[in-house]
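Participant: The lines below spell out each chain.
2 protein chains.
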Amino acid sequence: MKTIAFVQYPGLTPLDIVDPLQVFSELSRLVPGYDTIVVGERIEPMATDTPLCLVPSHTFDTMPDPYALIVPGGTAPTLAAMADEKLLDRLRTAAARSQLVGSVCTGSLLLAAAGLLEGRRANSHWMYRNLLAKFGATPVAERWVQDDYVITAAGVSAGIDLALHLVGELAGHDTARKVQLFLEYDPKPPFGPIDWEAANPGQYAPQGQKRLRQALADHPALLERLTA
Amino acid sequence: MKTIAFVQYPGLTPLDIVDPLQVFSELSRLVPGYDTIVVGERIEPMATDTPLCLVPSHTFDTMPDPYALIVPGGTAPTLAAMADEKLLDRLRTAAARSQLVGSVCTGSLLLAAAGLLEGRRANSHWMYRNLLAKFGATPVAERWVQDDYVITAAGVSAGIDLALHLVGELAGHDTARKVQLFLEYDPKPPFGPIDWEAANPGQYAPQGQKRLRQALADHPALLERLTA
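Protein chains in written order, with full-length UniProt numbering: chain A, 1 to 228; chain B, 1 to 228.
Hints in this document: simulated from the structure, not taken from any laboratory.
Some clues are possibly wrong.
Unchecked claim - Pairs of lysine to any residue residues, derived as SDA-like cross-links and limited to a Cα-Cα distance of at most 20 Å, are as follows:
hint, chain 1, residue 1, chain 2, residue 2
1, B, Lys178, A, Glu197
2, A, Lys178, B, Asn200
3, A, Lys210, A, Glu41
4, A, Lys178, B, Leu88
5, B, Lys134, B, Asn200
6, B, Lys188, A, Gly11
7, B, Lys178, A, Ser28
8, A, Lys178, B, Lys210
Said to hold, decoys possible - Chain A regions said to be covered by chain B (calculated; three or more residues, Cβ under 8 Å):
hint, segment
9, 45-51
10, 81-87
11, 146-159
12, 180-186
All C-beta atoms, glycine included, are put in the ideal place defined by N, C-alpha and C.
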């Protein structure tokens with residue numbers, strides 16, 4: 001059995017976890033030999049950055065060895081979690097038991113803070129991509145970036161593309177297309193794709209810095225490292 | 001305050017609810033005057049079609065009057081819920097208090113079963129789209145379909161497109177593009193868009209019929225109406 005394990009922690013962005021979880025859950029229905037679990041510190045409701053609370057299916061202590069470990073991201077709570085040594089230890093231990101380690105959005109900052117992205121090409125949410133370099137990774141602005149056994153996606157909604165890519169690698173392109181069909185993933189963004197030039201993401205750098213300073217106010221050494 | 005209310009019920013497909021919830025949650029952070037809630041029968045963990053359980057933020061009895069009510073879909077549990085008179089009553093009552101009623105995926109079958117789509121153009125997951133006609137609606141194969149105050153999306157992942165469209169209508173295209181930017185919704189399906197001809201969805205009609213018969217085995221009158 002290949003288990004795809006998704007990490008849950010307080011305050012995350014639920015779409016970061018649910019996009020790839022839905023893809024792999026569909027895979028597990030179509031193809032024997034796959035299952036999905038959601039792993040947290042305790043099996044109890046945890047807040048997200050929406051009004052929805054999520055409840056994991058397993059704890060870190062009771063999880064089976066995963067084939068793949070996927071870490072979702074979020075906003076301020078995820079930035080603060082870069083200083084959560086207990087969570088980072090959980091990630092290091094679980095990653096050591098996994099054959100593939102992945103992330104969606106700022107989940108890559110947690111992998112990076114855990115020391116798991118040193119020397120690796122990786123991506124994150126565009127607003128925080130450059131922080132990866134502070135942890136010894138090479139930021140790459142692609143929808144998903146695979147470097148050996150580490151695969152990291154761009155922000156939030158990129159998790160569905162990363163997951164479909166992985167399904168294609170694991171179970172073949174035909175199966176991946178079937179998962180895509182059942183999830184009716186035939187995107188029609190009403191205003192087209194992102195026009196990066198018009199969006200001018202650089203204008204949000206001060207906002208990103210401010211969020212980072214607030215989130216890590218109690219962790220001056222880490223903040224210094226990330227803003228130097 | 002314009003409240004966007006998402007309906008939660010047991011066994012739903014979490015991506016159906018989380019895609020548009022994340023869009024409107026981002027709107028509520030960017031623009032004053034909007035908030036999001038998740039409404040269920042009780043504020044307690046409910047199963048989904050993944051290992052994740054979700055907890056709503058409000059009950060039907062305590063919810064404020066919503067501006068918009070959005071009903072997510074799912075597989076067998078949603079088909080069975082077409083016979084859940086208590087849930088259908090909740091939907092009728094909440095819809096009567098809303099200015100806009102929407103659905104994602106087979107959520108439209110619940111709106112239809114509640115009598116809310118009679119005479120309306122509507123969509124659903126491709127596998128069950130034709131069932132809408134049995135409830136007096138006109139099935140339309142578009143990513144989202146608006147007919148007066150009723151807006152229904154295609155399957156699962158179509159909720160993000162519907163939600164961005166609504167944000168554009170409510171708060172303007174620039175704001176919708178900003179929400180899209182922050183969710184980094186710049187889709188790159190690794191195998192391209194769905195090739196509907198190659199996918200040949202008609203081949204799954206027997207599978208859809210079988211699921212429907214199983215889900216409504218205890219409700220022969222409704223089953224007869226839907227399969228006649």
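Participant: Which of the stated hints cannot be reconciled with the structure, identified by number in ascending sequence?
Facilitator: 3, 4, 5, 6, 7, 10
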